[in-house]
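*Asks:* Given next are the chains, with one letter for each unit.
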Amino acid sequence: MSFTLIPREEKFFDLFEAQADRIVLAAHSFKEILQSWNVHSPLVEKIRDIEHEADITTHEIFDKLNRTFITPFDREDIHHLASKMDDVIDLIQGTVSRMHRYQVSQVTEELIQLADVLHQSAEAVRKAILALRDMKKSRRIIEYCIEINRLENAGDQVQEMAMGKLFSTETNPIEIIKWKEIYELTETAIDMCEDVANAIESIVVKHG
Amino acid sequence: MSFTLIPREEKFFDLFEAQADRIVLAAHSFKEILQSWNVHSPLVEKIRDIEHEADITTHEIFDKLNRTFITPFDREDIHHLASKMDDVIDLIQGTVSRMHRYQVSQVTEELIQLADVLHQSAEAVRKAILALRDMKKSRRIIEYCIEINRLENAGDQVQEMAMGKLFSTETNPIEIIKWKEIYELTETAIDMCEDVANAIESIVVKHG
Amino acid sequence: MSFTLIPREEKFFDLFEAQADRIVLAAHSFKEILQSWNVHSPLVEKIRDIEHEADITTHEIFDKLNRTFITPFDREDIHHLASKMDDVIDLIQGTVSRMHRYQVSQVTEELIQLADVLHQSAEAVRKAILALRDMKKSRRIIEYCIEINRLENAGDQVQEMAMGKLFSTETNPIEIIKWKEIYELTETAIDMCEDVANAIESIVVKHG
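Chains as they are written, first to last, in our numbering: chain H, 1 to 208; chain A, 1 to 208; chain Y, 1 to 208.
Heads up, some of the hints might be wrong.
Note that identical chains are pooled: a pair holds if it fits in a single copy or bridges any two copies.
[Unchecked claim] Computed list of lysine to aspartate or glutamate pairs in EDC-like fashion (alpha-carbon distance at most 20 Å, straight line): (1) K84 to D191; (2) K206 to D63; (3) K84 to D195; (4) K64 to E170; (5) K180 to E160; (6) K206 to E53; (7) K206 to E45; (8) K31 to E60; (9) K84 to E109; (10) K11 to D55; (11) K84 to E152; (12) K180 to E170; (13) K136 to D63; (14) K31 to D116.
By construction, these hints were calculated from the structure, which means they are not laboratory data.
Just chain H, with the same shape it has in the complex (with noise of 0.2 Å):
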């Protein structure tokens, strides 16, 4: 019977896969539209479709969750994977959202080395989603795993570092606010790969 069971799994694959391709394509379109930043960039609205595409993928796996008998790891997990997928890209895009609201004039170098710890935090996500498929490769996944943290706390730094020259060399407190919430945003979106990993993790170790 296994000809009917193989196929539903598959899906499930399917769409994570397509899912982590899309936190890979909003990392990457964050740090693009850093690069030449401007509030009318095109990217501002690409990073709202992926976030809109993103969130109708999550409700397909809410819905296939419920209509599928078998699925390849506990149903709870897959829920608390799509969710926390979900929420890396929901991230992104509220940090551009918030900074067009903003008007951020001018980007800074520390925001752009942060874009970087996130896509290839992003990245490393990816690769540990492709992995999923084969839990034989569970060793593999968990270094992906400890890649993700690794980053996280590159992240940290980064931040601390961006914090420390805010406050040494802005005086308008509202710039300070302003760039305290863009840099934490950020960070928390590089955290959320993280929470990615961490469900990952849990679901490989439930396997091991």
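Using the hints provided, position chains A and Y relative to the given structure of chain H.
*Replies:* Same frame as chain H, but now just chains A and Y:
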């Protein structure tokens, strides 16, 4: 033996429903308090009382978990759902408490709109909790959860707008700090309703 | 065969206890550092070291999960508890690091009080972890968790008071931004102790 079994299960539903009623009551009182805001409003005290009662119910649920052999859902899911429901009420009370502490003299139209979204979300939480007694209604429960997700997006948009207006009209940075926090706390209360929805969805998905 | 089984279980408890000791040590060092605050205090370095060791232990727990067939609790609960314990230490270190970055010259009475609540909560976490070896003590474990919840409420009240005083006495918005964040980070460390308590309670409830 089901005559001893069912009453036990019922009791958990009774407690969750009492808690859902309190979420609606707290959200409704919050909306009401804003309509004629006054730091000395007796509603400040009322919301504190609701929060206190919610704490007692949360501990009653936890205590019952430790004394009950057979539970309607997995024990950890009951624990998780109860914690998340408590969080919503904590946050509503925390927002009012912060407004009181900051001696806010006048509320904004945007805060009233956010409170309205929160109230709608609280109503949807109650409906989902009521439907939880009958797992055959899983389709309907999921629909309430989708509605809560939709409201969370709506809340995000109101908050975006509120922040934009705040930064473009307010020139006193201390007022910006206060109002930014008030908006964020209210938006987090709406987020917490989504966490409740996720906890419910996760239970439904397991039993689907 | 229990002579091979038990040692394996013991090892997880050893690691959790080592981590609980570090939570207490970090919270205690934080309290100590505040008593004679000085950005060049060697305790800043000490807390960074504790955080680094905690990271190593966290990975040791994760690694052991992947090599151990039989675990004392569900694998995902061990993973979750270990993550949450790590978060407490991360936050203490993060608070000190931010104070250092902001070149804080003098600490407030309210921060010392918050640090004291955090230290009490850390002690209760340690007691709960110690009691976890013997599930027959579930009643007592729950009591420690209730104590941690109570301390979290106490912390909220101190923070409320601290914020009120900050906004009514400080006129420099940049100082307000810095102190608001320092109070929030400390309060979040106390919240994270509550997350640890929730993770413990959830384990006890499953095995209750």
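*Asks:* Hint by hint, note whether the structure agrees.
*Replies:* Hint check:
1. K84 to D191: Classified as both; 10 Å inside a copy, 14 Å across copies.
2. K206 to D63: between (24 Å within a copy, 13 Å between copies)
3. K84 to D195: This pair counts as both: shortest intra-copy Cα distance 7 Å, inter-copy 12 Å.
4. K64 to E170: Intra 50 Å, inter 47 Å, cutoff 20 Å: neither.
5. K180 to E160: both (11 Å within a copy, 16 Å between copies)
6. K206 to E53: This pair counts as neither: shortest intra-copy Cα distance 30 Å, inter-copy 26 Å.
7. K206 to E45: neither (40 Å within a copy, 37 Å between copies)
8. K31 to E60: neither (28 Å within a copy, 34 Å between copies)
9. K84 to E109: neither (28 Å within a copy, 32 Å between copies)
10. K11 to D55: within (17 Å within a copy, 36 Å between copies)
11. K84 to E152: Close inside one copy (15 Å) and across copies (16 Å); limit 20 Å.
12. K180 to E170: Cα proximity of K180 and E170: in one copy and across copies (11 Å, 18 Å).
13. K136 to D63: Between. Shortest inter-copy distance 16 Å satisfies the 20 Å Cα cut-off; intra-copy 28 Å does not.
14. K31 to D116: within (6 Å within a copy, 36 Å between copies)
Hints 4, 6, 7, 8 and 9 from the list above are not met by this structure, while the remaining hints are.
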